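Q: Chain by chain, the residues:
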Amino acid sequence: MAIAPSTKGFGYAILEGHKELVDWGVKSVEGDKNAGSMEKVEELIAHYNPHVMVLEDTLAKGSRRCARIQALTKRLIALAESRTIKVALFSQKKIRRVFFADGCGTKHALAEIIAERFPEELGFLLPPKRRTWTSEDSRMDIFDAVALALAYFYSCRGLGNHMGFKKVA
Amino acid sequence: MTKNEIRALISHHTAGFPCSAFFVKLPFPAKAAVFGNLRIPILCSSNSLRVLRPPPMTSTQLPNYLRANRKRLALSQDEVTFLLGTQSGAKVCRYERFVREPSLETALACEVIFKRSVSELFPGLYQKVEQEVAARARALVEKTDRRKPTRQTARKREAIAELAAPIS
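One line per chain: the protein sequences are A and B, in this order. Per numbering that gives the first Met the number 0, residue 0 is the first one in the first sequence, and the count goes up by one each step. Per numbering that gives the first Met the number 0, residue 0 is the first one in the second sequence, and the count goes up by one each step.
The set of hints was computed from the structure by calculation and includes no laboratory data. Please note that the accuracy of each hint is not assured.
[Claimed, not checked] List of simulated lysine to any residue pairs, SDA-like, C-alpha gap at most 25 Å:
| id | chain 1 | residue 1 | chain 2 | residue 2 |
| --- | --- | --- | --- | --- |
| 1 | A | Lys73 | B | Arg71 |
| 2 | B | Lys70 | A | Glu15 |
| 3 | B | Lys114 | A | Glu115 |
| 4 | A | Lys32 | A | Arg64 |
| 5 | A | Lys128 | A | Arg63 |
| 6 | A | Lys18 | B | Lys90 |
| 7 | A | Lys39 | A | Gly61 |
| 8 | B | Lys70 | B | Lys90 |
| 9 | A | Lys85 | A | Lys128 |
| 10 | A | Lys7 | B | Arg71 |
| 11 | A | Lys32 | A | Ala87 |
| 12 | A | Lys18 | B | Arg115 |
| 13 | B | Lys114 | A | Ile44 |
| 14 | A | Lys7 | B | Lys90 |
| 15 | B | Lys70 | A | Ile44 |
| 16 | A | Lys39 | B | Gln76 |
Just so you know, these numbers come straight off a predicted model, no measurement behind them.
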């Protein structure tokens, strides 16, 4: 189970192995976003009973995530530990190192790689490339969550950059 | 098992990752295949080969995969309800939350809608039923063993023993 918190709520992805996408989506929360997010994550845990929770390492050096997201990550880690769920953290740098040969790439390029990997499930959800004057599409949270999940699987396999994706040089 | 057969099997298990290099280390039974810098531990016996996979994210197989298949087709719960011909939209929600098990007619309708077999759509339920049948088959094997052996009972025993296999 991978959770990617955002300004509106969070994106989530549940995978069974690196090939099977079981559930994915965006949960939007109003009011107290962290409390609402925690409730919704608890519902997902109760439903899917995951082994592993994969999160972005918001406390990593150079991370620019806001204080609320950092606090939410800490609460999610505590929740996972209380349910004896293994926690895996990946910084943006680590994720990009998994997907791109040189470790550099845009969010949209990453989403395109994932949409190519799961064409039936996520192909039609890929938003158009964001213009500088538009805000980010909420569907991008799904791709962030799937990227986290895949990074976990490929780190388990010790694949590094060699994982069969079309690498962007 | 030939090198090509092992290569095909590993390629199948690793979803066709491109293999720039390939070899199997010799010490038996623990062996490893290497694709570039990817090392996959392999358990090898005389006629079978199994690639060890990383642990799954979910603990056990889910009772059904209706939600994943519905989302794959970009259908809403109401639309699936309409296609299933049921009255209440809450039913689909209950199936997806594993609260309720569908009837045979609904399960077959799901097979038609999602173009996946019932056992693929309901693997958890299928596994449960399979184990129950296997347990009953084991009991039946014991019963048939007591009967006088004829060609008919031998055939019957063979069929039931096959059913009993999953948990034996």
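Q: Now tell me if each hint is right for this structure.
A: Hints, verified against the model:
For the proposed pair A/Lys73 and B/Arg71, the alpha carbon gap of about 32 Å is over 25 Å, so the pair is violated. Taking the CA atoms of B/Lys70 and A/Glu15, the gap is near 16 Å; set against the 25 Å cutoff, the hint holds. Straight-line distance between C-alpha atoms of B/Lys114 and A/Glu115 comes to about 22 Å, which keeps the hinted pair within the 25 Å bound. Taking the CA atoms of A/Lys32 and A/Arg64, the gap is about 15 Å. The hint holds against a cut of 25 Å.
Between the alpha carbons of A/Lys128 and A/Arg63 the distance comes to roughly 22 Å, so the proposed pair stays at or under 25 Å and holds. Under the criterion of a C-alpha separation no larger than 25 Å, the hint pairing A/Lys18 with B/Lys90 is inconsistent with the structure, at around 29 Å. Of the supplied pair hints, the one linking A/Lys39 and A/Gly61 is violated, its CA atoms being roughly 29 Å apart against a limit of 25 Å. Of the pairs offered as hints, the one joining B/Lys70 and B/Lys90 holds, with about 17 Å between alpha carbons and a cut-off of 25 Å not exceeded.
Of the pairs offered as hints, the one joining A/Lys85 and A/Lys128 is violated, with about 34 Å between alpha carbons and a cut-off of 25 Å exceeded. Of the supplied pair hints, the one linking A/Lys7 and B/Arg71 holds, its CA atoms being roughly 24 Å apart against a limit of 25 Å. Note on A/Lys32 and A/Ala87: the hinted pairing holds, with a Cα-Cα distance of about 23 Å set against a maximum of 25 Å. Of the pairs offered as hints, the one joining A/Lys18 and B/Arg115 holds, with about 17 Å between alpha carbons and a cut-off of 25 Å not exceeded.
Between the alpha carbons of B/Lys114 and A/Ile44 the distance comes to roughly 29 Å, so the proposed pair goes past 25 Å and is violated. Distance check on the hinted pair: A/Lys7 and B/Lys90 sit about 30 Å apart at the alpha-carbon level, beyond 25 Å; violated. For the hint linking B/Lys70 to A/Ile44, the alpha-carbon distance of about 19 Å falls within 25 Å, and the restraint holds. Distance check on the hinted pair: A/Lys39 and B/Gln76 sit about 19 Å apart at the alpha-carbon level, within 25 Å; holds.
Checked against the numbered hints given earlier, the structure breaks hints 1, 6, 7, 9, 13 and 14 and satisfies all the rest.
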